[in-house]
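Knowing the structure of chain R, use the given hints to seat chains F, V, Y, X and H on it.
Number of protein chains: 6
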Amino acid sequence: MFYHDKRLQYPVRCPNPNPVFAKMLQQAIGGIEGEIRVCMQYFFQAMGARGPVKYRDMLMATATEELAHIEMLGHAVALNLRNAPASLQDEGAADSIVGAVMGGQSAKDTILGMMPRHLLSSGLSAMPVDSNGVAFDMSHIYASGNIVADMMANAMAEMSGRTLAVRLYNMAECEGMKDMLSFMIARDTMHQEQWLAAIEDMGGLAAATPVPNSFQDLPEQKKFAYMFMGTDRNGEPPPEGRWTSGPSIDGKDNFYAAQAEPMGEVPSLGGARPDSGAQKEQMQEAPKAAE
Amino acid sequence: MFYHDKRLQYPVRCPNPNPVFAKMLQQAIGGIEGEIRVCMQYFFQAMGARGPVKYRDMLMATATEELAHIEMLGHAVALNLRNAPASLQDEGAADSIVGAVMGGQSAKDTILGMMPRHLLSSGLSAMPVDSNGVAFDMSHIYASGNIVADMMANAMAEMSGRTLAVRLYNMAECEGMKDMLSFMIARDTMHQEQWLAAIEDMGGLAAATPVPNSFQDLPEQKKFAYMFMGTDRNGEPPPEGRWTSGPSIDGKDNFYAAQAEPMGEVPSLGGARPDSGAQKEQMQEAPKAAE
Amino acid sequence: MFYHDKRLQYPVRCPNPNPVFAKMLQQAIGGIEGEIRVCMQYFFQAMGARGPVKYRDMLMATATEELAHIEMLGHAVALNLRNAPASLQDEGAADSIVGAVMGGQSAKDTILGMMPRHLLSSGLSAMPVDSNGVAFDMSHIYASGNIVADMMANAMAEMSGRTLAVRLYNMAECEGMKDMLSFMIARDTMHQEQWLAAIEDMGGLAAATPVPNSFQDLPEQKKFAYMFMGTDRNGEPPPEGRWTSGPSIDGKDNFYAAQAEPMGEVPSLGGARPDSGAQKEQMQEAPKAAE
Amino acid sequence: MFYHDKRLQYPVRCPNPNPVFAKMLQQAIGGIEGEIRVCMQYFFQAMGARGPVKYRDMLMATATEELAHIEMLGHAVALNLRNAPASLQDEGAADSIVGAVMGGQSAKDTILGMMPRHLLSSGLSAMPVDSNGVAFDMSHIYASGNIVADMMANAMAEMSGRTLAVRLYNMAECEGMKDMLSFMIARDTMHQEQWLAAIEDMGGLAAATPVPNSFQDLPEQKKFAYMFMGTDRNGEPPPEGRWTSGPSIDGKDNFYAAQAEPMGEVPSLGGARPDSGAQKEQMQEAPKAAE
Amino acid sequence: MFYHDKRLQYPVRCPNPNPVFAKMLQQAIGGIEGEIRVCMQYFFQAMGARGPVKYRDMLMATATEELAHIEMLGHAVALNLRNAPASLQDEGAADSIVGAVMGGQSAKDTILGMMPRHLLSSGLSAMPVDSNGVAFDMSHIYASGNIVADMMANAMAEMSGRTLAVRLYNMAECEGMKDMLSFMIARDTMHQEQWLAAIEDMGGLAAATPVPNSFQDLPEQKKFAYMFMGTDRNGEPPPEGRWTSGPSIDGKDNFYAAQAEPMGEVPSLGGARPDSGAQKEQMQEAPKAAE
Amino acid sequence: MFYHDKRLQYPVRCPNPNPVFAKMLQQAIGGIEGEIRVCMQYFFQAMGARGPVKYRDMLMATATEELAHIEMLGHAVALNLRNAPASLQDEGAADSIVGAVMGGQSAKDTILGMMPRHLLSSGLSAMPVDSNGVAFDMSHIYASGNIVADMMANAMAEMSGRTLAVRLYNMAECEGMKDMLSFMIARDTMHQEQWLAAIEDMGGLAAATPVPNSFQDLPEQKKFAYMFMGTDRNGEPPPEGRWTSGPSIDGKDNFYAAQAEPMGEVPSLGGARPDSGAQKEQMQEAPKAAE
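Respectively, the protein sequence lines represent chains R, F, V, Y, X and H. The first sequence begins at 1047 in my numbering and counts up by one. The second sequence begins at 1047 in my numbering and counts up by one. The third sequence begins at 1047 in my numbering and counts up by one. The fourth sequence begins at 1047 in my numbering and counts up by one. The fifth sequence begins at 1047 in my numbering and counts up by one. The sixth sequence begins at 1047 in my numbering and counts up by one.
There could be a bad hint or two in this list.
Since the list can't tell identical chains apart, any single copy or any two copies may satisfy a pair.
No more than 25 Å apart at the CA atoms, straight line, and that leaves these computed lysine-lysine pairs for BS3-like [unchecked claim]:
no.: 1; residue 1: K1326; residue 2: K1298
no.: 2; residue 1: K1268; residue 2: K1298
no.: 3; residue 1: K1269; residue 2: K1298
no.: 4; residue 1: K1052; residue 2: K1224
no.: 5; residue 1: K1298; residue 2: K1224
To be clear, the hints were calculated from the coordinates, so they are not data collected in a lab.
So here's chain R without its partners, still in its complex pose (with noise of 0.2 Å):
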């Protein structure tokens, strides 16, 4: 079970609000590069988590961490937005100006038309959205029941994570959140590093691949298993590069290159059934005999 303590992971210092940058930061809670998805993502991975118990408490005590980055983006969220027009009140001298340059529009209908749910549906907070409004949805929250697809899944995550702090990063403008933000950059340092770390625990990719290592490829079908398949029109060969001759990363073959060739058949279903709503015209063929 979980516990709380008030203080925040990291001082949250917004000298500069900004409400677009408010905006930025959603990506960073509600988008699938950000801390709802890792948090989600580890809590379920440990609560499922079969085989050695160090893997396990490993994934929840990061997850327990994440909580603490949402509440920290949460807060930075709410800070920036502490000054956005939310009413006909907060229109000053400049709009004038600005009206007349642009028609008619006003910068406050430039800020309210931007991030229109931040003023009509949380008043002024943070929400569990993306940078365009649309809501976090937990098909994102990828847990096989394989520790290494999961682990390459919560390096992946945090590889985009740290991306796009970096973007976040160089976009803002306030020292506040740029210190904020290098904190979170470490932490997304260690975390890539953490899961990949587990995987050389488990023996490094040599030994864990191909996942899941509890199957192996069967003897008439090996011949696919290592070969980098060309599907260009006019048979130019497929690029070169390191997955086209060599030990495989597995070390159990080497890779080849091929152009890819129809094995299969002109695939055919035959007429409908009459039971199946379709038009008389599909009918009139005879539906294929059982292949």
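Quick look at chains F, V, Y, X and H alone, frame taken from chain R:
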């Protein structure tokens, strides 16, 4: 641009059709581990690929191959559905026995209840949905503009894809389906290996991480970049493993473990603004001065 | 504005309730072929209708009728569910036999597993979801502001709606349900016909197409406007039919067939920008000059 | 920030695992009446709470407790799934009998067909989805910035939550599950009561409504603010009750009933603009002058 | 069944059209606080209402009224959009000044970028989407089959609806829009009051809670039913208020406060099954014996 | 199976990149009127096509062409984004002027706020989303198994697709974009025409309707199959048009108009069941006898 060959990439035979297995196969078409996902993911990554052109070409070649996998599975679903019950006339003698046993419920009802939309909406054909009938949602196409984050996303997708194919293979009772799936498992092996090989092609994970490698952790935050944080309420130390000591994966520092402690303040937003649609009681405290 | 008459548009009787059929009927309420869709589609088209007012009035009249169809189906679902098993007390003697046969699984479990939310969430009533329990999503309301595109969308919706009603009719075993569905099938007939009649009212498809008919194909592109493009990899000609020769539907030209060939360049984006969160390796090539 | 204790809040025992009950329990994890919803709702409300700090602290305390409920249910789902059929080897002798009865369909097929993703996607673990396998969508996190609207949303969520828990309790056959659910029902009782108590703490519904109480109905519209409108087509008066006479809940006026009648005009938009992609026929009427 | 009167319920005038305000109004149509939601929620509750018929009639009357509110807002959106820029010809002289100031970006671009689908998809008409352009999703229709839970859901929906209408009123600059919104605010007042009055009609919250009142907390769990649980990591007592002492709302007991402590075990699932698609490493521990 | 040619189908040039236009183009990629939709719709229809094989081949040929359209648009989006502001360094001199005018808001902020995810999530590349950033959802792939319903769905999709392309053409200021769009408009013309031609190929709408033509309206319901129903509250007759008199489109009868009147009963469900989680008050009436 694209071209089509009428033949399938690999034979799809289904001597023993099973409508419930058709439902299972839908996960490999429209599930998050399925073929629409990898196909569109590689396609969008290719369209946005900046930097060495060989990665773009590699992505497009495999995107093109995945189209053929959707096609094979779509045909397999239709073949498995071809005898599914769709009307009263399908009811055989067995049903009256089942009805007696199951309190009026018939075997036909059971199948209808498990796959309603294949009977009501698609006319016994494949749909772009998962095994629960939930439509695939393109937010699962991960394409970040960072080539290593994307290759990891691809390797992860193929790992969960091969895990799914193995589970389907374990469930399958029809030899035709087992043969088709064993080909797909072999291709998933190659695809896992090839995306990992692309990372090696760029110097491997040591050179690539932390992603993005074009941004270095700031000196003042570096102490947080290799620290595994324990969050146990009772102060129990975090689980030991490759992630608590020894060199980090990027080779830039050493891992260590520590207990997480709050470094920030108790957050506070003060009172609500008069124009914000809050209750009067929320406005009785002064809005907090800007931080 | 709207008014309500307490009586249903047509009798809804259900002497033989079947909870699985309730699940099937949900497709006609909250499915993409269902009544919420057509009701809201006609309503939004009416609210945005510009031009001759008779089309607006016609849309609103049928939107109002569709509300009555939702109401009939909602009642039908509740009637079919009225004996569904919701607790241990429902279990009859038959279950012990089934349990013996099915390895501990009971008939009650089977029904629960097929319609969990009608038992857990709605208290044995209709929901605005499809037959898989997926909620209706208003993105399926098609209202383009182009009256012909909208009438086609409506005709199509009624075609798939009547196809669905026919499939339900084929599945139904209860005379009351068959009677209700036969009324709905008749109304779907009329609704198909009336939207097509509205296109005739505007001059028919020849005058209406290509939609929008307020924009003419540019002279330099007109050669592509009536060409059926084959994309067979082996150069096999496209299938012949009404679409490969003879006058086009709009009467402006003649159809012909040809093989698709690339007219454009190989696309290239060059290197990534330094501020874009990409990997260093992607930045080593120069960004491509503006095209 | 947050901390974790490895022990569960309350014992979770499952001596009689039932995979269909695992499916039912998913509604309490990822359903709209479930624990992810209340947990995240209280968390986001706390992060945006303005005004007296005690409400913020109360929200965060219960958000933290709800994390423990997700954890208990996640464990309960995995325990119920531990014997679910996942491969051919699971098939017992009973199946051949069932197959004979059900026309080739086996009991294993029935279970597979009812919970495909727990077998294919999660490896027999809990998922953040409802009982139909639909992922939880964070748009259900209601946090309006108005503390009374939010407390009502919370009370409502716990009412539907306790209703769900009671329905699950009625369905459960395993004593361990019944015990866990009875604890959750008790907590749902408290949570209902505490959010209602918070409204009393602010003066009760009379003082709080109409929400927001910081805006008064305008004098010229006040006649509409306490009138129950009947919309019966035949002029039948609306149903009498507490809402048609006597003092309003806010004590500001008296309820009364009346028949709704149109006060506005017939709406009209005139013709379509030439640049708007409409049909020519829609443009033949003049656009309506600005109202 | 339903009938329609061509006139609007209340006048909708828009002398000063503002396309950005059209975007804001969309929240009141297709937002979770909007009119489609309440309309459909009351409709589905009415269709499933069991027990005294007056509640069913009341729900249906107000559902019917809400259809008229959608209609008013749909018209208001179209009126506000009627001068929105849709093509090059709209660009006035002001734009060249703006372009100079904004680095080539024009005022037209700004408006396009804020409401792309009203220009591209709807032809300047209302859509069933919220202010971010996200389509309304019917999972927000709450209808539980429990009349008190439903009345609370309705009161809450009207509270957030009136909060939204007040925020829109504060933003509006056009007198016609302010007048329309003041009517809607008054109706939201009545609707809040009427659903609360319905609960009073059934005896009030004391008699109604805990919902469902047809299930009593079990004796052995009753101690948890009135305890406010603190979860502070440092043992700080929970915030005091009406919820920590004094009689509970249902009058059945007294509130008290206590610190949450784990009563359960450390959960453990043991090793993975050989057929489950996990890694070999996860299978090296024995699956845990059934609890 | 599929093959790829590295060259684009038609030249894509973008001499005057405009990030807001990139946002607009997204509607043509991931909008419901866009290219992913038609591509996947034709692909799934082809995979499920029963009856004459020429329709299947026709569908697959055009599905393959649409892949090339996605590719062109994906490249066009990336080209339009190539100068979008992504970091502080982009800010030119103009911004300080704008800032003065707009109360601190900069032109960079305006662009960021309008397209956050292209900057934060995709690294300046195309995404499978619409112009509001909402991901494409595969439930919009209409494939009913009825060939006429499907051809109508296709014609409708191309009509709304050409309407969208015309609107984009009207907005475009860059000659390269106008040229690309004029090619796409021409192809949308052909695609509209070809699906309508396919219906002619099967005998035209008279023979094809009512869809499905394999089910005839029952004699006792036929009177409802050609009646336009008015629902005006005041009994005003429905709008006259081609749909109120003259032969029906299917030639089987004549249209006529009549006022809708209720033929059914007042629905009633009686009291709630004791096991259903309702309130006690709902259970005090007897459950209604089965109808």
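Checked hints:
no.: 1; hint: K1326 - K1298; verdict: between (55 Å within a copy, 17 Å between copies)
no.: 2; hint: K1268 - K1298; verdict: within (10 Å within a copy, 39 Å between copies)
no.: 3; hint: K1269 - K1298; verdict: within (12 Å within a copy, 39 Å between copies)
no.: 4; hint: K1052 - K1224; verdict: within (23 Å within a copy, 35 Å between copies)
no.: 5; hint: K1298 - K1224; verdict: between (47 Å within a copy, 23 Å between copies)
The structure is consistent with each of the numbered hints, conforming to all of them.
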